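S.K.: Knowing the structure of chain A, use the given hints to seat chain B on it.
Protein chains: 2
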Amino acid sequence: MKLAALLTSAGVNTAVCVVLFSLYSVLRKQPSFVNVYFGAKIAQVRARQQDAFRFDRFVPSPSWILKAWETSDEEISATGGLDAVVFVRMIVFSFRIFSIAAIVCNFLVLPLNYFGKEMQRHQIPAETLEVFTIVNVEEGSRWLWAHCFALYLISCCACFLLYLEYKSISRMRLAYFTSSVSNPSYFTVLVRAIPWSRQESYSGTVTRFFTNFYASSYLSHQIVYRSGSVQKLVTDAGKMCKMLKLTPRELHCGSSSMRCGLCGTTASFSMLPMEAETDKGRSDFDGSDLRKKESAAALVFFRNRYAALVASQGLQSRNPMSWVTDLSPEPDDMYWSNICVPYRLLWIRKIAILVASMALVAFFIVPVSLTQGLVHLDKLQKTFPFLRGILQRKAMSQLATGYLPSVVLIIFMYMVPPIMLLFSTMEGSISRSDRKRSACIKVLCFFIWNVFFGNILSGSVIERFSKFFKDVKNLLAMAVPSTATFFMTYVLTSGWASLSCELMQPFGLLCNLFYRFVLRNKDVSTYGTLTFPYHTEVPRILLFGLFGFVYSTLSPLILPFLLVYLSLAYLVYRNQILNVYVTKYQTGGTYWPIVHNTTIFSMVLMQIIAMAVFGLKKSTVASSFVIPLIILTLLFNEYCRQRFQPLFKHIPAQILIEMDRQDEQNGKMKEIHQKLTSAYTQFKSSSLMLGDPVPPSHNNCRLEDLEINPGKIPVHHPS
Amino acid sequence: MKLAALLTSAGVNTAVCVVLFSLYSVLRKQPSFVNVYFGAKIAQVRARQQDAFRFDRFVPSPSWILKAWETSDEEISATGGLDAVVFVRMIVFSFRIFSIAAIVCNFLVLPLNYFGKEMQRHQIPAETLEVFTIVNVEEGSRWLWAHCFALYLISCCACFLLYLEYKSISRMRLAYFTSSVSNPSYFTVLVRAIPWSRQESYSGTVTRFFTNFYASSYLSHQIVYRSGSVQKLVTDAGKMCKMLKLTPRELHCGSSSMRCGLCGTTASFSMLPMEAETDKGRSDFDGSDLRKKESAAALVFFRNRYAALVASQGLQSRNPMSWVTDLSPEPDDMYWSNICVPYRLLWIRKIAILVASMALVAFFIVPVSLTQGLVHLDKLQKTFPFLRGILQRKAMSQLATGYLPSVVLIIFMYMVPPIMLLFSTMEGSISRSDRKRSACIKVLCFFIWNVFFGNILSGSVIERFSKFFKDVKNLLAMAVPSTATFFMTYVLTSGWASLSCELMQPFGLLCNLFYRFVLRNKDVSTYGTLTFPYHTEVPRILLFGLFGFVYSTLSPLILPFLLVYLSLAYLVYRNQILNVYVTKYQTGGTYWPIVHNTTIFSMVLMQIIAMAVFGLKKSTVASSFVIPLIILTLLFNEYCRQRFQPLFKHIPAQILIEMDRQDEQNGKMKEIHQKLTSAYTQFKSSSLMLGDPVPPSHNNCRLEDLEINPGKIPVHHPS
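Those protein sequence lines, which keep their order, are chains A and B. Oh and the first sequence: position 615 is 615 in the numbering used here, straight run, nothing missing. Oh and the second sequence: position 136 is 136 in the numbering used here, straight run, nothing missing.
No lab work stands behind these hints, which were simulated from the structure alone. There is no bait here: all hints are sound.
Which copy is meant is left open, so a pair is good if it fits within one copy or across any two.
With a straight-line cut-off of 25 Å between C-alpha atoms, the simulated SDA-like cross-links for lysine to any residue are: (1) LYS649 x ARG344; (2) LYS67 x PRO506; (3) LYS350 x PHE636; (4) LYS350 x TRP196; (5) LYS350 x GLN645; (6) LYS292 x LEU346.
Quick caveat: nothing in here was measured; it's all calculated off a predicted structure.
Chain A extracted, bound-state conformation (with noise of 0.2 Å):
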């Protein structure tokens, strides 16, 4: 590839981004759209839909820009929360390393590389990209130091880096802890594997045993009821109730915005019998029929954060299988069909998911290889010889070559989060936070060996080494540097065009607009708002980290084009944050330590790869010098894994007791412990569980004051 072409795709893509940008600046004024764009406002504030024409509305405008822009890291926490944080950080940690990265190896590496060997000079625009690649240096050449020093460069500033980060948020998940004071899930502890016996329902063993060995601080429990029939009623009931609520609402309320807002009260007031009666059905009424649906589990409820915690670390009976205790997920976090899971068949689903994962991980090479296959379309032909027939013809050859694998690719890529978040809920996590962290982790894995350690592999090596290297290291030594081209042109086109599309929220406007022109139904809050994909989006950013680590000292020309996408990400992330998701639950910040251990992955990787380098371009001294710097970046690793991990898995005792003490001095206790036994409800209406808006507190809040003031809108906090 040409410097020129690689300069003009840049180009093309930079077009495309900046029209989808203003597009994105135009529909978001829309009325219409807001449910698509303002998901996460609505949840909190019904917007008059003003309906007036006005020109500006149609006239692109950077506003959005400056507003992401703008935004504290406070704000940013306080309407995603500290997982939101995380991902911000995790934006700025990348822009801040490789536009040190880039400045390096820009200044020193590319001259080098440029000018590393004797050879015809083109124009610099006619200049192959390998020019600007380690692939040019000579063998043996003392240059070569100069790319172990930006190494040791990179690494140093990387780790240091991520020291201040996790630092910070560690900081933060502290304050978080402190700061969420009314927060249920800390005076509950979930109990799983509950004995079964024949004389007592479960609720009478959970009395007894908590009565027993927690005399002093257990406060009352609440029973998990099996999901299935009870559930199935409820949905059913919530299901009649909706169809009941929209038929009037079409005749009489229209558009006027004032109605509007009564209806969504009426809605939900309408289903407030309902809630109440299942409330009524399960504190009361301990008749035959709800016994028998009673599961083996039960969220305890204790009279203080330490003495749940206390209960729920540990074993507590002499089987390991019974009365299995964890902190309870909070309760907009609850995820009660897992919960009603025999523990004893959890460590089987676990092993099968397992293994599905990593089959579908191994094995999707397969298609990777495939489409890849397509690329080299002569070699496929001389594998299968009936297949010549078709691919002479030159309109059918361009787009097997030109825009299938791509197609192909990215639709498959597209159902692996949703397979990986399937996987997850299989595995029976108890929360949803943590079904989409385990999501995350899967779908990282799959991200990293599919796409990167998939196209050096199968791409690049079948096409040109197979035949002279079966060694690993030389491999990756080889195939590396020749696939620097084929990331940055994904950088660019991928990296770029999914942030247009997040932005754009294709699927939503689809929706939208099936909705009102299809089913020509004007509400489209049915729709329903959106939870952040972390599952998707953290991995796709470790990504393109990965690449950046991995090229930034063979291929240094990846650097510029990382920084605009991660500079566009960072804006468009933030945006999507305040405006688009709703934030119903969080893990509390735990996606930093997967952050932090894919960046030290991606960074050892480097180190191998340009030792492996090295060591073929004959310069075993600096190769062997790498040696240290991985070591070092291990023991790190380690360090910081003994210095912060422990406070993303365990809640420190000492915050706890703090907590209690200053709640008891002022009285609150009794006040939180009324709270508490309400504040779980299992089973919900099914519209409410679709993400229905909660009642709202101001009625008369206008769509330009959501834009202007977007700091004074009430947060809303999971209560």
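M.R.: Relative to chain A, chain B alone:
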């Protein structure tokens, strides 16, 4: 190797064993060796040395065998603790499963092997041993199904027996918890990494922290002092005292038992003020000197067991690297010098030791293969032509091939357990039992890798197959059956010999003789008592178990020899536990998970090798029929891990709460609290640390009493 040769070897070994066992039965009756063969009892009672010459002292007798056979598990448990019971159960389990395997394989598989191929028959004694292995079965033979059936049968029986053992040992462990009522370690939490402050001593910081957060349950604490100068002073004083004590004894006491008993009393009396002084120094002397010696660790005593358990779990403070809490080991089990190691250095020590021991395990194969190379002298001569001259002399050649390899190997093998124990010490284990357990795992890995795989991969493969097979699977399938003969003789020589060696205690015997005839020192109690060397004996038995499993279906002739070994081991080790070794500390049965996991590993290895062998014999159906068995075995292991393993890591809260209640109802709590503060003494005098006898309780107990009524001897509970 011919069958006759094997039988001859077995005969020779049997004769040697019989001679040594008889010699032992004579030697143990000699009063002068009483401290070699009755260490455990000497530790309890100081026996009267009876020098009267009697004829029956020199007649071999099987009385010890009878006694070892008759002793019940309860007595073993009382003398050797739960660990000894686990050790005996391990031998019993191995005996059971291999007797089943021996019956099945020798009556079903062995005839099939023998009549497998049409070949020229010799008289049975003249047949080569290969005729009895699976090598003799024809390719594609339908009789391989019998091997497959045997495999299934052995695996199922092994899983069933393993399950029963795990279950009964878990129950014993629970009983062990409840039985050790007066154990001070349940009330004690070891706190490390106490944060340093300029204003306060560590002692003050501990008081402030625990009175703040554990006000209701905190009792007192005891700072751990840096060993070094304090330790040195006490040791020196102890040595001085001992020298003073030895001279008068030799002059005045002679060999009269009463005086000796008194001497013992005097000696320990003369130590007492010293200890009291140290105690006093610790508790009262909070002045300048000792404060400087305070290390950042302390033992914190709590009012009840449950409070200590709670304080030992989870994260205490905001910084995971400070206030690290663990349940304390028992007083005799404390490894004081490791507790003083700064906690922040521990992780790096652990990594260094991990790397070092992996390197040792991996590179030890070099001397092993070198000694194996000696066996194949002709090859060696080709590689190093200068050796030819030396090696052509016949005596030299015989020495080199016959003796050197095994001598070198044995010397190397005896060096490894002490090195591993040293590694475990440097790793920073806080207790002696933990250190031994960790060394046990290291030695086990070492044995399995170097003895089993080392011999298979280096010995036979280099010789025969390296040119023909590169595939690991085929390599295993070819190499494993062909090394059966080697391991058969290994069981005969190394196994049986090691048992005789264990029984004779050559090291103790030599020390004893050296003291008496070279140093002319009649008081040989300074040789001290030993604790059971679990870290060498557990791996040894497990290694033989590995041989048994792997060769049971391939070459079943190994099984009878193994059964003889196991039954001898049963008698010998029970005798040693009862008479020789002292139980100062124990892990409470946590060796069983190691045994269980290794057995599962051996079984899976057996199945994989059998699968490979079936594949090689062109019986793909039988080969693929093994796959479900492997999966089922692994699932069984996972189930056991879920069901039982947590009990071997944590103490159930339920048990401790119940114990606390009982003690409170009985009013024993106060008494326990009083004992608690004096339970842990960091600085003992050196003579006591070397395993000097506990002050005698029965002075007039005679040696005969010891032999006849072993059950009546007061059990030495670590107080």
